[in-house]
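There are 2 protein chains.
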Amino acid sequence: MKDLTQTDADALIAKLGTAAREAALALAEASAERKHAALIGAADAIIASEQAILDANVLDMDFAAEKGLSPSMLDRLKLDSSRIRAMADGLRAVAAQPDPVGRILAEWDRPNGLHIQRVATPLGVIGVIYESRPNVTADAAALALKSGNAVILRGGSESLNSSEAIHQALVTGLRQAGLPEASIQLVPTRDREAVAALLRAQGLIDVIVPRGGKGLVGLVQREARVPVFAHLEGICHVYADGDADLEKARRVVLNAKTRRTGICGSAECLLIDRKFYAQHGAVLVQDLLDAGVEVRAEGELAEIPGTVPAQPTDFGQEFLDMIIAAKLVDGVDEAIAHIRRYGSGHTESILTESDATAARFFKSLDSAILMRNASTQFADGGEFGMGAEIGIATGKMHARGPVGAEQLTSFKYLVTGDGAIRS
Amino acid sequence: MKDLTQTDADALIAKLGTAAREAALALAEASAERKHAALIGAADAIIASEQAILDANVLDMDFAAEKGLSPSMLDRLKLDSSRIRAMADGLRAVAAQPDPVGRILAEWDRPNGLHIQRVATPLGVIGVIYESRPNVTADAAALALKSGNAVILRGGSESLNSSEAIHQALVTGLRQAGLPEASIQLVPTRDREAVAALLRAQGLIDVIVPRGGKGLVGLVQREARVPVFAHLEGICHVYADGDADLEKARRVVLNAKTRRTGICGSAECLLIDRKFYAQHGAVLVQDLLDAGVEVRAEGELAEIPGTVPAQPTDFGQEFLDMIIAAKLVDGVDEAIAHIRRYGSGHTESILTESDATAARFFKSLDSAILMRNASTQFADGGEFGMGAEIGIATGKMHARGPVGAEQLTSFKYLVTGDGAIRS
Numbered sequence: 001m002k003d004l005t006q007t008d009a010d011a012l013i014a015k016l017g018t019a020a021r022e023a024a025l026a027l028a029e030a031s032a033e034r035k036h037a038a039l040i041g042a043a044d045a046i047i048a049s050e051q052a053i054l055d056a057n058v059l060d061m062d063f064a065a066e067k068g069l070s071p072s073m074l075d076r077l078k079l080d081s082s083r084i085r086a087m088a089d090g091l092r093a094v095a096a097q098p099d100p101v102g103r104i105l106a107e108w109d110r111p112n113g114l115h116i117q118r119v120a121t122p123l124g125v126i127g128v129i130y131e132s133r134p135n136v137t138a139d140a141a142a143l144a145l146k147s148g149n150a151v152i153l154r155g156g157s158e159s160l161n162s163s164e165a166i167h168q169a170l171v172t173g174l175r176q177a178g179l180p181e182a183s184i185q186l187v188p189t190r191d192r193e194a195v196a197a198l199l200r201a202q203g204l205i206d207v208i209v210p211r212g213g214k215g216l217v218g219l220v221q222r223e224a225r226v227p228v229f230a231h232l233e234g235i236c237h238v239y240a241d242g243d244a245d246l247e248k249a250r251r252v253v254l255n256a257k258t259r260r261t262g263i264c265g266s267a268e269c270l271l272i273d274r275k276f277y278a279q280h281g282a283v284l285v286q287d288l289l290d291a292g293v294e295v296r297a298e299g300e301l302a303e304i305p306g307t308v309p310a311q312p313t314d315f316g317q318e319f320l321d322m323i324i325a326a327k328l329v330d331g332v333d334e335a336i337a338h339i340r341r342y343g344s345g346h347t348e349s350i351l352t353e354s355d356a357t358a359a360r361f362f363k364s365l366d367s368a369i370l371m372r373n374a375s376t377q378f379a380d381g382g383e384f385g386m387g388a389e390i391g392i393a394t395g396k397m398h399a400r401g402p403v404g405a406e407q408l409t410s411f412k413y414l415v416t417g418d419g420a421i422r423s
Numbered sequence: 001m002k003d004l005t006q007t008d009a010d011a012l013i014a015k016l017g018t019a020a021r022e023a024a025l026a027l028a029e030a031s032a033e034r035k036h037a038a039l040i041g042a043a044d045a046i047i048a049s050e051q052a053i054l055d056a057n058v059l060d061m062d063f064a065a066e067k068g069l070s071p072s073m074l075d076r077l078k079l080d081s082s083r084i085r086a087m088a089d090g091l092r093a094v095a096a097q098p099d100p101v102g103r104i105l106a107e108w109d110r111p112n113g114l115h116i117q118r119v120a121t122p123l124g125v126i127g128v129i130y131e132s133r134p135n136v137t138a139d140a141a142a143l144a145l146k147s148g149n150a151v152i153l154r155g156g157s158e159s160l161n162s163s164e165a166i167h168q169a170l171v172t173g174l175r176q177a178g179l180p181e182a183s184i185q186l187v188p189t190r191d192r193e194a195v196a197a198l199l200r201a202q203g204l205i206d207v208i209v210p211r212g213g214k215g216l217v218g219l220v221q222r223e224a225r226v227p228v229f230a231h232l233e234g235i236c237h238v239y240a241d242g243d244a245d246l247e248k249a250r251r252v253v254l255n256a257k258t259r260r261t262g263i264c265g266s267a268e269c270l271l272i273d274r275k276f277y278a279q280h281g282a283v284l285v286q287d288l289l290d291a292g293v294e295v296r297a298e299g300e301l302a303e304i305p306g307t308v309p310a311q312p313t314d315f316g317q318e319f320l321d322m323i324i325a326a327k328l329v330d331g332v333d334e335a336i337a338h339i340r341r342y343g344s345g346h347t348e349s350i351l352t353e354s355d356a357t358a359a360r361f362f363k364s365l366d367s368a369i370l371m372r373n374a375s376t377q378f379a380d381g382g383e384f385g386m387g388a389e390i391g392i393a394t395g396k397m398h399a400r401g402p403v404g405a406e407q408l409t410s411f412k413y414l415v416t417g418d419g420a421i422r423s
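Going down the list, the sequences are from chains A and B. full-length UniProt numbering numbers the first residue of the first sequence as 1 and each following residue consecutively. full-length UniProt numbering numbers the first residue of the second sequence as 1 and each following residue consecutively.
One or more hints might be untrue.
Remember, identical chains collapse to one label, so a pair may be satisfied in a single copy or spanning two.
Claimed, not checked - Restricting the straight-line Cα-Cα distance to at most 30 Å, the calculated cross-link-like pairs of lysine-lysine (DSSO-like) are:
{"hint": "1", "residue 1": "67", "residue 2": "412"}
{"hint": "2", "residue 1": "275", "residue 2": "412"}
{"hint": "3", "residue 1": "363", "residue 2": "15"}
{"hint": "4", "residue 1": "412", "residue 2": "248"}
{"hint": "5", "residue 1": "214", "residue 2": "363"}
{"hint": "6", "residue 1": "67", "residue 2": "214"}
Simulated from the structure, these hints should not be mistaken for lab results. What you are looking at is a predicted structure, and each value in this text was computed from that prediction instead of being measured.
Next up, chain A with everything else stripped away, as it sits in the complex (with noise of 0.2 Å):
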C-alpha cells in the first residue's frame, strides 16, 4: 500500500470524478435497451471470465490470509462458481426491471395555458464505499447503471484483484452496449487517502452510499461532504400490544429476532405491553428462550427464568446476533416513548388487532419503516418489490427505506405552452 499524499488523491479523484461526469451525461441520455443490453453483456462477461476472477480471488485470499482476517471476513471475501453465478443472475435481474429514468412522476394543466411534467432523471455520479465483498462490485454497478448514474466504487483494499477481475466483466457489457467505459470505474489503488478525497469530493460526486458494518458508516457518515445514503444502525423494536393476537405475535416475534440475526432489519428489543403479559404470560418471551435466544430482560420479565437481567445499555444496542432486550411498558404510549428514545429510526413493527392502536403507533413514530403484524425482516428492497437495493437509509432527505433504482433518480420539469407569457 504505497502512500498517497492528500493532493494525490484528490487529483486521482478529480480525474476519475470527471470522467465520470462526462460519462454521466452520455448515461443520462442512453435508452433503457441500452442500458439493459449492458447489463446483459456484463453478465455474460462475468460468467465467461469466471476463471480469470476466481485466479484473482485467490491472491486476494492469500494476500488476506496472511493479514489475519478473520474467518467470517475470508469467507465474505471468497468467491466460487456459485458466488459467480450468483451476481451473474443478480445483474440480469437488475436488467429486467422496469427502467426508472423518464418515468413521468406527475403531470397537470394550469390554468396559464401551461402542460407541466415531473419526469425522473438519473441523480448523476454515485460513489460506492465497501468492504471486502467484491459481490458488491456488480451489485452496486448494476443499481447505478439501471438508474443512469456513472459510479466510481471504492471496495475494501483485501479485495481488490478480485473487483478489478469482475469490473473488467462489467467494462466489458458496456462497451458491447456502446455506452462509456467510465459509467463504471473502480478506485485503483488500496490507499485509504483515496476515500478521503471521494469523501470530500463536492461538485464531482453527488451522493456516497457506503455498503458496510457501523464503522464504515460512522466514518462516512462523519466526513462526507457530499449527501450519503445510509442507516448506521438499524436497532428494530417489536411491540406486543395488549390487543395482539397471540399466535400472530408469536409468530412474528420469534421470526423478528431468529430468522437471520445479523441483517439490520433483525429485531433487538422486544416491548410487551403488560395488559398482554396478564393476559398471556410470559409465553414470548419462553418462545425465545426456547429458539436459544439470549433475553435481556428488564423488571418483571427478569424473574422468568433462563433470562438475564438487563443492563441500561442494553436498550438501545443493535446486538445482531441471538441477543434481544425485552422489557414491559405501559401501553402504546410509552412504547413510542421507549421508541423514540432508543430507536435508530430503521424499522420497527406493532402487534395487534387494534386500528386505532396501530394508527396511533404509525402517526407518532417517523422509523423509515413501520409495521403492523409483520415482521421487521420484511426490512428489504426485495420484499418491498423495488428489484435489488443498495442499501436502507434512515436520513429523510431525498432516499428513505430501502434504496433500489428508483431512489438513485432526481426529477426535472417539462413545461410545455404554446407562446405562453407571463402577465
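Starting from the known structure of chain A, arrange chain B on it as the hints suggest.
For chain B alone, coordinates are given in the frame of chain A:
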C-alpha cells in the same frame, strides 16, 4: 451588535434547535385543522398588530438609513399597511392549500401478503436565512408550518425589530391553535456568528433554505454542513429554433427578458438558430432593442445596429437587468452544448414547432425546469400551482425546481401484514 463567541453562538443555536426538535415532534402529529387554525390566527394577529409592526419597522428604517443602505434595500425593508395586508393574505393562501403531510404517495400489495404505503412526513426542522425583507418572516414560517416542520428564522440584521413584531403575531396564532410556540423561532441577535452556527448545526437542523442574493446563497452553499435547498444564479436561456413559430417566438422572447428583469427566471441569454435567422432576420433582437434592452451580441448578430459587441464574460452571466447576451448557433445541438457550458441549471426554454427537436432539448438538458414555447418567467411555485414557494432549488437532492410545502416533506413506509413472517 455585541460579539458572540463561536461557543456562545453554538450554544444559542443548540438551545433553539433543541426546542425546535421538540416542537417538530408535536407538529408532525398535529392535525391539518390545527395547522390551518394557527395560520389563520397568525394572519388575524398580523392585521391586529399593524401599528406595533409599523412602529418596529420605523426603528429598523432609522437604523438602516444611518447604516447607509441603498434606496432599493430601504424599499425592501419598508413596511406599510398594504404590505402588512399582503403578508396576512399570504398566510391565508397557505392555510387554504391542501395539507401535504399524510398524503399517500404510493401504495401496493406484495405476494408476501404485505400492503405497503409510502406516506408523506415532515422533514423536521428547517433553517431559513434571509436578507432584510421582513415579509419573508411570515412567508417562510407559513410554508414550514403547513408542511409540519419547525422553523428557525434568521433575517437580515436591519430588519430585526420588524421581524420580531411579525414573529410575535405568528406565535399568537400558534398559541391560539394549541401548537408549541417553538414551532416558529427567530434568532434573537444580529450577530453574524449565529449564522455560522446555524450552518454547522448538523443533527439539529435538517435543511437550510437561504433566501436572497448571490452573496448570501454562495456563503450558505460554501459553509453549510447541513443540506441546502437553493439556487445560486438563474442564468436562463431561450433558444429560438429554426422550426419556431415567429409570432410565438417574438412574444416569448420579449416576455422572458422584459416582464421583470430582477427575478431568477428572467432570460439572460438568447440563442438563435442560424436557420431561424436566415428566414426571419433580426426581428427578435430588434424587438428587444425596441423595448430598451441592451443586446450584447456575438458574431453576425453584432452587425445589427443598436447592439453592443458581446464580451466572452457576457455568456454565463446573470444580469438581472435590461441586458441580454445573444448568439447564433447551428441548431439544437449547439444550443444544448452552449447551455451545458454556461447555464446554471435553473430554467431554459426552446421555441420550436418540431416535437422531435423539443424532445431532444428536453432529454439532453438537465436543468431543474425545461420549457417549450413558454416564457422562462413562469419558473415560479405559484405559476406551477404549488401555492407559495420558499425558493427555487437547482440541486438534484430531494427538492428541485420551485420549493413549496410539498417539497418540504419526506416520507416513511407503512407496512401492514396479518402475522406475516419472512421465510
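A quick look at each hint next to the structure:
When the C-alpha separation of residue 67 and residue 412 is checked against a cutoff of 30 Å, the pair qualifies neither within a copy, at 48 Å, nor between copies, at 42 Å. For a Cα distance limit of 30 Å, the shortest separation of residue 275 from residue 412 across copies, 29 Å, qualifies, whereas the shortest one inside one copy, 51 Å, does not. Taking identical chains as interchangeable, the C-alpha atoms of residue 363 and residue 15 lie at most 30 Å apart only when they sit on different chains, with a minimum of 26 Å there against 47 Å within one chain. Taking identical chains as interchangeable, the C-alpha atoms of residue 412 and residue 248 lie at most 30 Å apart only when they sit on different chains, with a minimum of 24 Å there against 45 Å within one chain.
In this assembly of identical chains, residue 214 and residue 363 lie within 30 Å of each other by CA distance solely inside one copy; the values are 29 Å within and 40 Å between copies. Taking the shortest alpha-carbon separations for residue 67 and residue 214, only the intra-copy value of 21 Å comes in at or below 30 Å, while the best inter-copy value is 52 Å.
In this structure, only the earlier hint numbered 1 is contradicted, and the remaining ones agree with it.
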